[in-house]
Amino acid sequence: MFLQQVVNGLTLGSTYAVIALGYTLIFGVLNIVNMAHGEIFMIGAFVGLMLVTKFNVSIFVALAGAMVVGAALGYLLERIALRPLRRREVSHLAPLISTIGVSIFLESLALKIFGPQAQSFPPLYSGQLFEIGTLKISLIQIIILAISFGLMLTLRFWLDKTKLGKSIRATAENIETAGLLGIDTRKVIVLTVMLASGLGAVAGVLVGLAFNAVEPTMGISMGFKGLAVLILGGLGNVTGAMIGGLILGIAEVFSVAYGSSSYREAVAFGLIIFLLFLRPQGLFGSQASQGGR
Amino acid sequence: MIKMKNAIRKWTATTLAIMFTVAVAGCGGSQSAAPGNSAGGAAKIGVVSFLSGGGAAYGEAIRQGLELARDEINAKGKTKLELVFEDSKGEKNEAINATNKLIHKDNVLAIIGPTLSGEMFAAGPIASQAGVSIMGTSTTAEGITDIGDYVFRNSLPESLALPNVVKKAKDKFSLKKVAVMYSNNNDFTVSGFKTFEQAIKDNGLETVTVETFADKDTDFSAQLTKIAALKPDAIIISALYQEAALILKKAREIGITIPIIGNNGFNSPQLIKLAGSASEGAVVASPWFPGKDDEKVKNFVAAFKAKYNKEPDQFSAQAYDAMYIMASAIEKAGTTTDRKKLRDSLATVKDFQGVTGKFAFDAKRNPAMDVTILVVKDGKFTELK
Amino acid sequence: MEDLLNPYYLQIVMFMMINAMLGISIYLTLSTGQLSLGNAGFMSVGAYTSALLTLKVGLPLVLAIPVGGIAACLIAAVIGIPTTRLQGIYLAIATLGFGEVVRVVILNMKITNGALGLSGIPSLSALIGNRLSAMGLGQGAMGLTLQQISNITVIILLACIVVFLVFFSLRLRSSRIGRAFAAIKADEHAAEVSGVNTVYYKLMAFFLGAFVAGIAGGLAAHLTFYIGPKDFSYHRAVEILLFAVFGGSNVVWGPLLGSVILTSLPEILRSVAEYREMIYGAILVIMMIFRPQGLISEETIRFWRSKLTGSSAQAEKSEPARRPAG
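Residue numbers (my numbering), protein chains in the order written: chain A, 82 to 374; chain B, 6 to 390; chain C, 4 to 329.
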């Protein structure tokens, strides 16, 4: 059972990691937590679902479609809810509150449009089981692991090597200096939000596939877990988000396997509260990120 | 500083003065007005239901059952019913406000609902104190009718159905040890679990583990992997249909083939739709059996399908019956405005034939009903013999 | 003429009072620039503690409710102490998480009865009614029933508590502590550098907020006969936030106005009940963009005060050459 639970934990954790990536990218560049990220994730899942059920496209087209819609939503979010706040002198809480508003709005909008019932992807992708010794992995789990890890590695590479990626990192480091160096920070910000939201939407499709349920309130609990990973891995730290996500997934699954399944939801935040006592900058964050900014 | 203190004192004094003036000058008529007659002498029945928000599917199903019944009853012409719906969003404070509004502003004769037991615990005392009958169609927690003499319910408390199914399953599948799963953030499923727990003990079965999850959960791999490793003879689950379907799917996916026994929450065509082939063989006890060879049931299912384009689940079925029960009580009481008479008439309902079978209120205004044990076979609920 | 003293309206006023207290609890923590998203969690701690004390132990309400508040404070220490050292965002997320942890714990403890909640909680109104009966008012007086009189008494009681909180907040604001709060809110680093013990004051504000939320929770539990974990969800925490953000987050009158409007609005707008959450979300976004300080700000108060109490006396007290802003 142990190995099986590890696989379960990694699968779950990789979805958490992809969601956390979105949070951490936006935090790094804008220094705010986008509370609406969970809802973008949820809408991505619905878009993927609609594409597959209504238009009969393959799952990869659905993923791409969700990414596009997610990015578009991110653009709207930045334009409507975040940019106006940068122009005036507002407290650092204003963007947080604003994104909370967006998340509530999107959640109820989705409830109105899609209804409260859970819907699932057609069973084309489920059911196939691979056996490796005593380990049972489903095709879906393999797809999810592959895509999540693929995304994470691509993102890492992109941030490290490409020009745009580097300008994102520069802006995240220090926005004024980046501006002085000739980086169009506004464009970078918009692109980062769009990228993060696109990733979130893709995560939505993956989770919808993995657990076979897409419904409007899925954004809230996933969003919470993403926040937990954000702190676990260190605010603004991409590697931290990835590894933190996996750790959280495994921790949750193990708490069910060897402890009591009733406290599963509390594991995520129990971990953070515990971490805040010991190492508030997260597992990978640096000391500076705590006091600065 | 002193000026501010004075300002505050002034404000407080003024506010209190205003309130006392209003109180003193308040209109003398202080009892809640008797229910008014709406045009044509229709009986006004208020409905508090979970119509928007996460659990709206259940509130909607209830609404559909009620409206279908109302239309049929009004068409027959003997009793005229008017329904006033209020959304409680599954929130206690909303349910309280909705109940108050229905009683004191809309002057309804009686109330059907609310959807959740928690809401009923808050709204029931209010209705009972105001002398308005309130009938739950989906409230299954223990102690609901102890709230007051005006509190009724026709939702089958799981304490009647579940012991039956456990016994039958034990006999049929020769069970010795079982694993239990239930959703622990929902009063409906928690009550179901408590009943299962007792039934398991009474039948001398061993529980290898109890696993929990929450409503809207989607990942059950951890719990199911743990259960599979312990090798029970069956899994007993108390869940709503959405989670139940996901559990069924995951269980079959990871190779669990043992029988799965469910509570009332399983009893919905949505379960079969969502779980697909994984739902085969699931066993559940319920008063609602859509495939029953009964005229009333067949007509109801056909009419429901025609109106709403989907099959009725047990929430709709129990709401439908509730409307008919209310109508027959109104008819027997011979009044559309006397709340006390209606209450007394409701309490004496016996030998009522509904789509959920024979029904009567017992001495504590709980339902006394028959139960059928069902199993999913070939994509449909059939009786387990 | 419609019966204004309808239990329907009276109940709404009671809810308004409780919401006002909750709004003030957020305001207190916000006055140091900290956002607490866990006040629904503190409210639940206060509610369950006091309800269990009155139900199981039979403690009189007068004692049970403050004990609930203190319990909320103790729990607040668990997250408060580590996070007040850090940036505000940590507190926001930690309190959010805390709210969830509390919810899960309540769902699983035997004593709280899990999802089934606690029912049959003695109602404040009934207790007062019994007292009044004993005093001979069993049949009512002044043309009102016993029930109406007890409800009105409850409202007055709640109003007194709200007035006390307002008074307290105003005095706090102009005290040394209040000035420290304002300094921290304006610029935490500057305050720290100029010698203000930021951690101490931030923690104090946090405890105050938790205590008030706990008291509000205890009172609320005794108004509605029943409490369950669903009553203290994330949505409730956001709703509480909305009272302060909408009404005005800089002055204590803001949450009052916010709670009055936002408690009565759903009743007035019953027809659009389905869209309520959407409207709330939109309000949050729009407020942040166009009027982040909320409806009532300090300027608004200065403006109205100068209008009401005569401009000359006030102008000398307040800063010179200030044009009243609308």
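The set of hints was computed from the structure by calculation and includes no laboratory data. Please note: incorrect hints may appear among the correct ones.
[Stated by the list, open to error] Partial list, computed: chain C residues near chain A (C-beta under 10 Å):
hint, residue
1, Ala-95
2, Ile-96
3, Ala-97
4, Ile-131
5, Leu-135
6, Gly-139
7, Leu-140
8, Met-291
[What the hints assert, rightly or not] With beta-carbon atoms standing in for the labels, derived distance ranges:
hint, chain 1, residue 1, chain 2, residue 2, range
9, C, Val-202, A, Arg-167, 41 to 49 Å
10, A, Ser-139, C, Tyr-203, 26 to 34 Å
11, A, Ser-139, C, Val-196, 54 to 62 Å
12, A, Arg-168, B, Gly-136, 41 to 49 Å
13, B, Asp-383, A, Pro-203, 34 to 42 Å
14, A, Arg-167, B, Gly-153, 54 to 62 Å
15, C, Val-196, A, Thr-320, 31 to 39 Å
Ideal placement from N, C-alpha and C gives every residue a C-beta, glycine not left out.
Hint check results:
no. : hint                               : verdict
1   : Ala-95                             : holds, 6 Å
2   : Ile-96                             : holds, 5 Å
3   : Ala-97                             : holds, 6 Å
4   : Ile-131                            : violated, 37 Å
5   : Leu-135                            : violated, 42 Å
6   : Gly-139                            : violated, 51 Å
7   : Leu-140                            : violated, 46 Å
8   : Met-291                            : holds, 4 Å
9   : C/Val-202 to A/Arg-167: 41 to 49 Å : violated, 29 Å
10  : A/Ser-139 to C/Tyr-203: 26 to 34 Å : violated, 60 Å
11  : A/Ser-139 to C/Val-196: 54 to 62 Å : holds, 59 Å
12  : A/Arg-168 to B/Gly-136: 41 to 49 Å : violated, 59 Å
13  : B/Asp-383 to A/Pro-203: 34 to 42 Å : violated, 20 Å
14  : A/Arg-167 to B/Gly-153: 54 to 62 Å : holds, 57 Å
15  : C/Val-196 to A/Thr-320: 31 to 39 Å : holds, 33 Å
In the structure shown, a violation is registered for the earlier hints numbered 4, 5, 6, 7, 9, 10, 12 and 13, in ascending order.
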